[in-house]
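Asker: Residue numbers (numbering that gives the first Met the number 0), protein chains in the order written: chain U, 0 to 485; chain E, 0 to 95.
Only pairs whose alpha carbons sit at most 27 Å apart, straight line, appear in this in silico DSS-like list of lysine-lysine: (1) U:Lys-393 to U:Lys-255; (2) U:Lys-258 to U:Lys-388; (3) U:Lys-388 to U:Lys-378; (4) U:Lys-263 to U:Lys-378; (5) U:Lys-393 to U:Lys-258; (6) E:Lys-32 to U:Lys-342; (7) U:Lys-378 to E:Lys-32; (8) E:Lys-32 to U:Lys-412; (9) U:Lys-255 to U:Lys-388.
In silico contact screen, one side only, chain E against chain U (beta carbon under 7 Å); selected entries: (10) Ile-10; (11) Lys-32; (12) Gln-60; (13) Arg-61; (14) Arg-75; (15) Tyr-88; (16) Val-90.
Just so you know, these hints were derived from the structure itself, not from any lab.
Note that the Cβ used here is the ideal one computed from N, Cα and C, for glycine as well.
Letter by letter, the chains look like this.
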Amino acid sequence: MSLHTLSVAEMSAALGRREVSARELAQHFLDRISVSNPALNAYVTITAERALADARAADEAIAAGTAGPLTGIPVAQKDIFCTDGIRTTCGSRMLDNFVSPYDATVVERLTAAGTVMLGKTNMDEFAMGSSNETSWYGPVRNPWDHAKVPGGSSGGSAAVVAARLAPVATGTDTGGSIRQPAALVGISGIKPTYGRVSRYGMIAFASSLDQAGIMAPSAEDCALFLQAIAGFDARDSTSVDRPVPNYGAELSTPVKGLKIGILKEFFERGLEGTTGALVNSVLEQYRALGAELVEVSCPNLPLSVPTYYVVAPAECSSNLSRFDGVRFGHRCENPRDLMDLYKRSRGEGFGQEVKRRIMTGAYVLSAGYYDAYYLKAQKVRSLITADFKAAFEKVDLLIGPTSPTPAFDLGAKVDDPITMYLNDIYTIGANLAGLPAMSIPCGFDGHLPVGVQLIGPHFGESRLLSAAHAYQSVTDYHRRIPAAYV
Amino acid sequence: MSLTRSQVEGIAHLARLDVTEAELPAYVDSLSKILSFVEQLSAADTAAVSPMAHPLEGESQRLRADEVTESDRHERFQVNAPSVTDALYIVPRVIE
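The shape of chain U in the complex, shown without the other chains (with noise of 0.2 Å):
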């Protein structure tokens, strides 16, 4: 069997035995992006020394006998967290000279759990688009087929899990952009509670919605590094000090008797064919495996991408007014006045799409338009939150699609952003409520993976991760590698 395609729990059973060191299994993964990265670009910086180093503290742990189960176990992280001495771009021209002189809590944390850092993965630039295509880096490839969008925001940690350049990868999901790019690729991801995982060093987008998580190919990969991740971290001001229950021991809770809803919504508008039907397989899967299935219904939920759309934009905008061209970042040549220097090194560094969601949120929240505009969505959001807590009144998890279809062309939606935005109209409900979702895949129209979505309550992780390894039990999609990259 080959190092990439080992689960991270087989992994470290191999390292423990001394069958692989964490060098050569680093030297393995490093091997595979040279090859591969030039056609995808789902790398935009490969940390080789780093890793390197990493794996030998790794080994040295690993011979004292103090190795965890995450030790020697490579991971890529997505270009949005602070890597101490790394640069760190955000897939944007404004940060392609950032050295960060600290790193993210996310990168912390798997860096003391002995994991080794292979790169920095592309993505949409600051995490705004569905399809990589934003990035001032150029698109990522997905791996199924070159000429197809990964999705996005984070398509460069999807597209490196799925052609098994990395076991594991982070990401961060503010509408969809760990689920969304996990089911284009046909792997896992799991967005955690708002709250559950630190966002120290992870760079905002919009902050009452921004979530790091895992994408990898299992949910049994996804829960092992979940359980190193999450946490109270007195840093961010959003941490949620709540004990962090073992994801690893709780994966092999049965799914007989557990309640789970389906989305009405979800099923009635937009599904397209196979896609749907795809989707059906999975439910009459779960009931065979003894769980009960009950519709539910969240009316206020197709007003989410409106929502999303107005209260992302209006955080963006004032997050990224901290791009001054002053302190850090891109800073346009010989500017006239201070005025000139703010417009032009922030017109310069960054892109169209970015500009596009700054601009639609400066207008929101504007004199005369906030009411109308910020303070309406904040309002149907509370409607949509309160749909979901009514719902999970009643079952335990809920299901639907990720995607409204599988990967799309390369330049397909590029120019429609409205089309593009529409994407999202399956994952954004959850990061508006703050809810733990994850994707898994199920199954394959034509040669293109397609994906499904769990949802679950607040701080429900566990259950989202024992449903979905109960469907990994039972099925294979999650193994299955595009032929290229086997």
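Could you slot chain E onto chain U? The hints should help.
Answerer: Quick look at chain E alone, frame taken from chain U:
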């Protein structure tokens, strides 16, 4: 909702973004479309609904003790600055 060219120029100025003449029509078009799209929110009955700022129910922003917990690392931070002299960030002259 249709924005005019001068409205978009006004928004770009508020947002401190230089938008070129060539880029402007595309922004007028796409921002107008986005605002029309989000207008469907006005159909929702929110008369008795409170606005929601974040999803942490019952949680409020934590405060910490007013103690110095970080060391002075300005030299390290200023490595990323476009222009620094004597530990000061340099910008074009502001007072004539």
